[in-house]
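Engineer: Listed below, chain by chain, are the residues.
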Amino acid sequence: MNPTDISAPDYFHKVVDCQWACPAHTPVPEYIRLIAAGRYSEAYMVNWVSNVFPGILGRTCDRPCEPACRRGRVEDETPDGRERKEPVAICRLKRVAADYKQDIRHLLPQPAAQKNGRRIACVGAGPASLTVARDLAPLGYEVVIYDGDARAGGMMRTQIPKFRLPEEVIDEETGYVLDLGVEFRSGAYIASLKDLLGEGYDAIFVGSGAPRGHDLDIPGRKEAAKSIHLGIDWLASVAFGHTTSIGKRVIVLGGGNTAMDCCRSSRRLGGEDVKVIVRSGFEQMKASPWEKEDAMHEGIPILNNLVPKAFTHIGGRLTGATFEKVRAVFDEQGRRSLIPTGEPDAHFDCDEVLVAVGQDNAFPWIERDIGIEFDKWGLPKVDAETMQSTVPNVFFGGDAAFGPKNIIWAVAHGHQAAVSIDRMLNGEEIADRPAPRTTLVSQKMGIHQWIYDNTVSPDRRLRVPLRDINVALKNIKIEVELGFDPQLAFQEAQRCLNCDVQTVFAPKLCIECDACMDICPMDCISFTINGDEADLRHRLSAPALDASQDLYVSDALKTGRIMVKDEDVCLHCGLCAERCPTGAWDMQKFLLEMTHAGPGCRNAGAPPPLPEPPQPPSPEQKPRARQKQKPAPAPDPQNA
Amino acid sequence: MTYLAKPRLHHPTLAKNRVGYTRRDYEGKISTLCAGCGHDSISAAIIQACWELDIEPHRVAKLSGIGCSSKTPDYFLGNSHGFNTVHGRMPSVLTGANLANRELIYLGVSGDGDSASIGLGQFAHVLRRGVNMTYIVENNGVYGLTKGQFSATADKGSKSKRGRANTDAPIDLASLALVMGATFVGRSFSGDKAQLVPLIRAAIAHPGAAVIDVVSPCIAFNNHSGSTKSYDYVREHNEAVNRLDFFPQREEITAEYGEGEVTDVRQHDGSVIRLRKLHADYDPTSRVSAMAYIQEHAARGEVVTGLLYVDNEAADLHKQLNTIDRALNTLGAAELCPGAAALEKINASLR
Chain E
614 MNPTDISAPD YFHKVVDCQW ACPAHTPVPE YIRLIAAGRY SEAYMVNWVS
664 NVFPGILGRT CDRPCEPACR RGRVEDETPD GRERKEPVAI CRLKRVAADY
714 KQDIRHLLPQ PAAQKNGRRI ACVGAGPASL TVARDLAPLG YEVVIYDGDA
764 RAGGMMRTQI PKFRLPEEVI DEETGYVLDL GVEFRSGAYI ASLKDLLGEG
814 YDAIFVGSGA PRGHDLDIPG RKEAAKSIHL GIDWLASVAF GHTTSIGKRV
864 IVLGGGNTAM DCCRSSRRLG GEDVKVIVRS GFEQMKASPW EKEDAMHEGI
914 PILNNLVPKA FTHIGGRLTG ATFEKVRAVF DEQGRRSLIP TGEPDAHFDC
964 DEVLVAVGQD NAFPWIERDI GIEFDKWGLP KVDAETMQST VPNVFFGGDA
1014 AFGPKNIIWA VAHGHQAAVS IDRMLNGEEI ADRPAPRTTL VSQKMGIHQW
1064 IYDNTVSPDR RLRVPLRDIN VALKNIKIEV ELGFDPQLAF QEAQRCLNCD
1114 VQTVFAPKLC IECDACMDIC PMDCISFTIN GDEADLRHRL SAPALDASQD
1164 LYVSDALKTG RIMVKDEDVC LHCGLCAERC PTGAWDMQKF LLEMTHAGPG
1214 CRNAGAPPPL PEPPQPPSPE QKPRARQKQK PAPAPDPQNA
Chain Y
25 MTYLAKPRLH HPTLAKNRVG YTRRDYEGKI STLCAGCGHD SISAAIIQAC
75 WELDIEPHRV AKLSGIGCSS KTPDYFLGNS HGFNTVHGRM PSVLTGANLA
125 NRELIYLGVS GDGDSASIGL GQFAHVLRRG VNMTYIVENN GVYGLTKGQF
175 SATADKGSKS KRGRANTDAP IDLASLALVM GATFVGRSFS GDKAQLVPLI
225 RAAIAHPGAA VIDVVSPCIA FNNHSGSTKS YDYVREHNEA VNRLDFFPQR
275 EEITAEYGEG EVTDVRQHDG SVIRLRKLHA DYDPTSRVSA MAYIQEHAAR
325 GEVVTGLLYV DNEAADLHKQ LNTIDRALNT LGAAELCPGA AALEKINASL
375 R
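So the sequences go chain by chain: E and Y.
Residues in the first sequence are numbered consecutively from 614, following the numbering used here.
Residues in the second sequence are numbered consecutively from 25, following the numbering used here.
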């Protein structure tokens, strides 16, 4: 193998699995260390810069970072499953930063003192549009956000139940964006893109979401229509307070996160016998594992491998639904087909049905003769990197771009679109993407002292304390998760392995004493004769079987051998560097920040304006930021 | 030196041996030696060898004297018996322990100061007597604990860290072991585990007095140019006479070799040491030619390593003394006190 080029930003970025997996590439270990240090405001700002909605995401994120977390590869597990390999609770630590921060408004960018004369329209006030606005407004762009609803937030406000995401968190974080001098036109549903194009905006960003629920066209659907609701519409109606009750017996159809929100909302609005019925098997369900767990914790059974056949009714009054029993069969390509088992159909009684079997994009407001091309699935043709549509100054992002995803993807799209818009309006090629900013700094303080805490915590993942279920189910607006308190947060934060503190090897200094190889708890390091990758992977100190994780390969050493480090299960404990007599190993913190819109994203853009020194909030300013009182540490049975 | 305990987490493929332990189970406390010390590599080699041999840790007794090397038994085999003896007196304590309980595996760990100066007499006599043990000398040529004075194994002309040349003649412990009648003599280098681990495995299985002289560079005081015990010097002057593979008795020999490349040495217990010759004229079963070979190469400044000598008919002290084949602590009153008739018989034989 050729020596690894550690100067390529992607190399060390991939080692930080959580950051690499995050669509917005939030520097996770960086903010987790700040949380452990009790520096919540700074931890919040690291998040805010990267993902705009730390408080919202800390409660609702789809957490692509957690399945990627190295902790989930290195812990021990027992065959009985009582001890599992589990990632750091990254998402809920993010919430800690939001809960316990001080007033951070003086740390936010100021509205632009001078507008640059460019006008940007954003369609929809969801996370994608708000991200575009946040990135562009402080640069002097005049950003106008249109939304049919009265308040900003989009699906974060209409589809996520309040017991998971309190209203005031949405108000706070959408407020931070709108306060940057963004114009929000509420109740202004855009009915025609053609008309909007006619208003002379320099660029238009479409972040209108995927607002249409799939229906289920089976017998009885029409007759019993008044007791059968589309999940996302029903959730919106609950969010706006139009719907305040539901029948005692409820069936939720569908296995995604919307279905989980529907069933848990039903339990809070009077549903006593609520069940989720899904076509697929339990493991194949689209809902995140923790959302399924939360639903089951609230006494909601999930019934699998049942395909809805018909709604039963008596003269239009819904009585239940009939299901065919199936089993899933996978062909060689891994495609699933559902084969009837031949058992008699199952019938479940109910008073109301919520249909949450998927969402579609809907663009009835985009005229088909204005140059925006759509693919055969009805999605606009959008460049995956620039977010540009087939009309050069129209960009898409969030669910509107590639179909339903999640908030963090919407944020990532928003950042990319903002970069594209900023470059385009500065006359630069938008296909050239700015490189991320990276730094690599030694963490050495003394012979065995590092700037980071390199002890590896033996703790298992902690559970977030929950409100008593009897209280939680009484009121749909009561947040069910209490969040980690500072003590629990510290303990959980200590589980983070600091994967961003990289093991950096200097072959010229190495005397091949084997000390690093001997001490490494994970047998990551080998000194051996060079070979091709497939060969090397099998003859290291321990086999490197995870091909998705790189090998770090050095130049030839004095004996002609090379150093090979398997990045897969490295604990970043720094023992290799502590045992190295010559400093050939060093622990260096790799910080990668994505380049957002602004002078930094342009090749020859205007020189960056000097940053305003942060002003502390004036005392007469009434703090509007939410702050949670630090409670006294109380042992919680949920956590035991 | 490190303050951080080695995390218990381990590689997902970490395997268990036949007695149900992982390699990590053979570790000891975290080392307090200087970073990069050759001794730590030897500890790692001992851990690896014991794991590979499926040794139950409670069947090992590790004994040492005084010095950096003699601290190391704290850093491996944390679940074995240990005895940190007086300076240079490890061999006699080991001899006593071995006589009392022949069922344990004895591992003597010492250094060049402990074995070649204060303990030189003990070193010689334990080998003469043929105590069944593995005696590992972690040889760095200096007194590390007292800031790097030459030890008795430092080569004449070797330079100290301050640049002064050693004027005394060196004691070559491998040659001395041969003279003293050791039945297994090896030399190795802490930086070459591929050679060291099989050598330790073979030595542990050897049913007599086995000595391995391991050159182990002292990072702090003897790893500079001009030293003959530095990583660079040993790598440049290492004359390995053979590569060995060790097969315990129950293991089938599966590796393929070309004809004429290998010699098998079958030991008493049925285990096989398979030697791949690196020097065609080297015969590791001849004590005399081994001594001559080592001396010739030492005169040229070369360090001869590998399995230097093995006697496959080795016998140990217990055989010579015709002792009972059990540990003394398992003997009951009947065996220990055979009665007046037996005493009378003994007395009669002496009249």
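Calculated directly from the structure, the hints in this document are not laboratory data.
These figures come from a predicted structure and were not determined experimentally.
Even glycine gets a Cβ: it sits at the ideal position worked out from N, Cα and C.
There's no promise every hint is true.
Straight-line Cα separation of at most 30 Å, DSSO-like style, residue types lysine-lysine; simulated pairs [what the hints assert, rightly or not]:
no., chain 1, residue 1, chain 2, residue 2
1, E, Lys698, Y, Lys171
2, E, Lys1121, Y, Lys171
3, E, Lys1057, Y, Lys53
4, E, Lys1171, Y, Lys171
5, E, Lys1087, E, Lys775
6, Y, Lys369, Y, Lys343
7, E, Lys698, Y, Lys369
If you want the ones that stay clear, here's a sample from chain E, every Cβ over 10 Å from chain Y, calculated [what the hints assert, rightly or not]:
no., residue
8, Ala650
9, Arg686
10, Ser805
11, Val942
12, Val970
13, Asn1067
14, Pro1078
15, Pro1099
16, Ile1124
17, Asp1127
18, Met1130
19, Pro1194
Engineer: For this structure, which hints from the list above don't hold up?
Structural biologist: Violated: hints 1, 7, 9, 13, 16, 17, 18, 19.
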